[in-house]
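Spelled out, the chains give:
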Amino acid sequence: MLLQVQNLKKYYPISQGLWGRNTGQVKAVDDVSFDISPGETLGLVGESGCGKTTTGRAILRLIDATSGTVRFKNTDILSLGKKQLRALRQHMQIIFQDPYGSLNPRLTIGGILSEPLKIHGDKTKDRVADLLNTVGLSPDVARRYPHEFSGGQRQRIGIARALAVKPQFIIADEPVSALDVSIQAQIVNLLQDLQAQFGLSYLFIAHDLSVVKHISNRVAVMYLGKIVELAESQELYENPQHPYTRALLSSIPIPDPRVRGSRTILTGDVPSPVNVPSGCAFHPRCPEATPDCAHRKPELLDIEPGHSVACILRHN
Amino acid sequence: MPNSVLTVDNLQTHFHTDSGTARAVDGVSFTLNKGKTYGLVGESGCGKSVTSLSIMRLVPHPGRIEGGHIFFEDRDLVSLSDTEMRDIRGNDIAMIFQEPMTSLNPVYTCGFQIDEAVRRHQGLEKTEARKKTVEMLHLVGLPDPEQRANEYPHQLSGGQRQRVIIAMALSCNPKVLIADEPTTALDVTIQAQILDLLRDLQQQLGMAVLLITHDLGIIAEAADQVAVMYAGKIVETGPADAIFHNPRHPYTQGLLASVPRLDIANKRLRTIPGTVPEATRFPSGCRFADRCEKVDSICRETTPQLQTIDGDHQTACWMA
Ligand SMILES: Nc1ncnc2c1ncn2[C@@H]1O[C@H](COP(=O)(O)OP(=O)(O)OP(=O)(O)O)[C@@H](O)[C@H]1O
Ligand SMILES: Nc1ncnc2c1ncn2[C@@H]1O[C@H](COP(=O)(O)OP(=O)(O)OP(=O)(O)O)[C@@H](O)[C@H]1O
Ligand code: SF4
Ligand code: SF4
Ligand SMILES: [Mg+2]
Ligand SMILES: [Mg+2]
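Quick note, the sequences are listed as chains A and B, same order. Mapped onto my numbering, the consecutive letters of the first sequence carry residue numbers 150 to 465. Mapped onto my numbering, the consecutive letters of the second sequence carry residue numbers 327 to 646.
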C-alpha cells in the first residue's frame, strides 16, 4: 500500500461573539478511511463543502488533522517532525484547481519550476526544459511569465511544478474544473500519460463524476465529511448502492438528447456541516429514508469485497 | 414562422480595445420560438454572453452593436431608444445570470426586489405586488414563500437564490427568457432541481427560452434547437438530435468526443489541439483552421458560411 488513511478527522472550531468563544465545530472531515496502491488513481467526489479539499490538505499536512493516521509507505505522516516531513514532501505533491492563483506572478516559468529543484540540488536548466517537454510545452516558455498563458497552459505548468521533485503520489484538487472541455480533455490525457510513464498514484478530487469515472480505478463518494460509498469505478457507476450516489449519478445530464428524462431529483439543499443532521446525515433528503435513519449512524461497511456503503438498508 | 418570438439577424457586436477590435459576436443569426428552448453552446470567450447582452441591449463599454437586427414583435431592438428598451427589458424579455449573487441587491429583501419589479412593469399596488411576489416564490418552489420574501439574499442558499432570481425574471410573464449559465455556480443535485424547474415553468407559461451553457449535457437535456458557437460565429445549428447524433462540423465533432461520458466507457478522450484564438486576432478564413484536422487551403482563404445539410441542420465548413 502506498497511502493509508485511517479515521481522519478535521474539525474547525466556530468562534462567535466578542470573546471569540467556541460555539461549536465544523466537522469538515469526519472519520474518513481509504487507501491507495502504487500506480492507482482514487477519485474523491462530492458536492461543494463536503470536505474533499480538507481531506487532501490534511493528508499532505498543509493543515493539521484533528485526529487519525496517514501512512505513506508505512511512515506515519501526521507524527513526523518538520525536517522529516520536508524530505517526505518530495514524494507527495499537489495540483490546484486555480492554476493562476497558485503560480507566483513575479517569477518566470523557469523560476517557478526551478524553485523546488534548488532545495534538492539538481541540474536545473536541463531539468526545466525536460519538465516542460513532459507536459507538452516548449522549453522556450521558461523565460515567460504566468499571465502570458491560457488556463490550460497554466495547468500544464502547475503539473510540471508538481513533477519537478519526482513524486510518487499527487493529489489533484479539481485540476480541470476551471478549464474548457476541449482543454480539459488535454489535461486529463496528460495526467494519464504521466501516470503510465512514471508509475504515479493520484488522489483525484473533483465534483464532476464523469471526469472522475473516466480517470479513476476506484471512486469514493463523500457527503458532509464522510465517505458514503467506495467501489471500483465501473462497479460504482453500474451498481451504485447508496441512495446519495444514485441521486448524484442521476443528476448528471448525459450529452445525448435520446436519453433525456427519468431522473431522481433530490429535494432540499445540501445541509451545512455546522448542523449535521442526526443519525444518517443524508436522511432529510434521502428518498429511501426510514424512521430508523434519523437515529442510527450507518458505518461504511463492505457489502461485497471492494465495495463498501454507509447505509443501514444495505447492511445485514 | 408563426411561432417565432424573437429573431436575431446577422448580429455584430464588437469591443474596441487598446489591443484592437474584438469581434466578439460576428454575424450571428437565430430565431427563438414560443414554448421552445434554444441552446447556445460553446467554450469560454466564444461570445455567448455578449450575444445575450446584445439582445438585452446591455453590452458594456467598450462594446457596441455594430450591425444586424434583433426583431421582437415587429420592432428592431437595435434601433430602439434607451427608454423604449427599458420597457421591454425585464417585462417582455427577462434574463437570469450565471452568478445569483450579482443580480440580487444585498441590502434589500428578496421580496422587496420582486415587488419593485412587478410594480414598475405591471403598475401594481404595494399589497397586490406582494401577493404576486409570494405567488411567484411559491411557483419556483421556495419553501415558506411569505416568510422567505422578508429575508435578505445572503440568508438563502445558492439554489434558493437562483429560485428567487427566476421568480423575479418570470414575475412579469416575459415572452422571452434568457438564461445565461443558470446553473453553473450550483452543485449537480441543485442544478438538476433548477433545470427541472425551468422546464416545468416553460411548459406552464409557454415562453421562449435562450439557454446558454458550456455544458453539452445540459444542452442535450433541455434544448430543442442547438447552436454551436466558436470564435464569435455559429458554426453549426440544428435540432438537438442532429447536433448530437450527426454532427458535421469538425469543432462540434471534437467537442462531443472530448467529453467523458458516464454512460459509455471511453478509454482515451479525444482532444482538440491548441486553444481558441483571441477575439482581437481572429485568423482570416475559417477561424477553426489552426485546430482542425480536415483543414485545406480554401479554409484559410475564404470564410465558410452556414450551409444547409438537411432540414434546418446547417453547418459552416468547407469539408462538411
Ligand atoms: N479554515 C476553515 N475554517 C472553518 N471552516 C472551514 C475551513 N476550511 C474549510 N472549512 C469548512 O469545511 C467544509 C469542507 O470544506 P472543503 O473545502 O474541504 O470542501 P470541498 O469538498 O473541497 O468543497 P468544494 O467542492 O467547494 O471545493 C466546508 O463546510 C467549509 O466551509
Ligand atoms: N468588457 C469587455 N472588454 C473587451 N472585450 C470583451 C469584453 N467583454 C467581452 N469581451 C470579448 O468578447 C468575447 C466574448 O465574451 P463572452 O463573455 O460573450 O464569452 P462567453 O462565450 O460568454 O464565455 P464564458 O463561457 O467564459 O462566459 C471575449 O473573448 C472577449 O474578447
Ligand atoms: S441510512 Fe437511511 S437515510 Fe441514510 S442513506 Fe440509507 S436509507 Fe437513506
Ligand atoms: S472549413 Fe476547413 S478548417 Fe474550417 S472546420 Fe471546415 S475543414 Fe476545418
Ligand atoms: Mg475543494
Ligand atoms: Mg458567458
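Any given hint could be a false lead.
Part of the chain A face toward chain B, derived, beta carbon under 8 Å [unchecked claim]:
hint, residue
1, 237
2, 250
3, 254
4, 256
5, 330
6, 334
7, 360
8, 381
Stretch by stretch, here's where chain A covers chain B in the computed footprint (C-beta under 8 Å, at least three residues) [to be verified]:
hint, region
9, 474-488
10, 509-515
11, 574-583
Keep in mind that the hints were calculated from the coordinates and are not lab data. Where is the CB? At the ideal position from N, CA and C, for every residue including glycine.
Comparing the hints with the structure gives:
With a least beta-carbon distance of about 33 Å to chain B, the hint placing residue 237 of chain A at the interface is violated under the 8 Å criterion. Proximity of residue 250 of chain A to chain B is violated relative to the hint, the smallest CB-CB distance being about 17 Å (cut-off 8 Å). With a cut of 8 Å, the hint placing residue 254 of chain A at the interface with chain B is violated, because the nearest CB-to-CB distance is about 20 Å. Given hint, residue 256 of chain A at the interface with chain B, is violated; its Cβ is 23 Å from that chain's nearest Cβ, farther than 8 Å.
Checking residue 330 of chain A against chain B: minimum C-beta separation of about 5 Å stays under 8 Å; hint holds. At a threshold of 8 Å, the smallest CB-CB gap from residue 334 of chain A to chain B is about 4 Å, leaving the interface hint in force. For the restraint placing residue 360 of chain A at the interface with chain B, the shortest Cβ-Cβ distance is roughly 5 Å, inside the 8 Å limit, so the hint holds. Interface hint status for residue 381 of chain A: violated, as the beta-carbon distance to the closest one in chain B is roughly 13 Å, over 8 Å.
With 3 residues having a Cβ less than 8 Å from any Cβ of chain A, the region 474-488 of chain B passes the three-residue criterion, so the hint holds. Closer than 8 Å: that is the beta-carbon criterion, and the region 509-515 of chain B has 3 residues meeting it against chain A, so the requirement of 3 holds. Given as covered by chain A, the region 574-583 of chain B passes the check, having 3 residues with a CB less than 8 Å from a CB of that chain where 3 are the minimum.
Checked against the numbered hints above, the structure breaks hints 1, 2, 3, 4, 8 and satisfies the rest.
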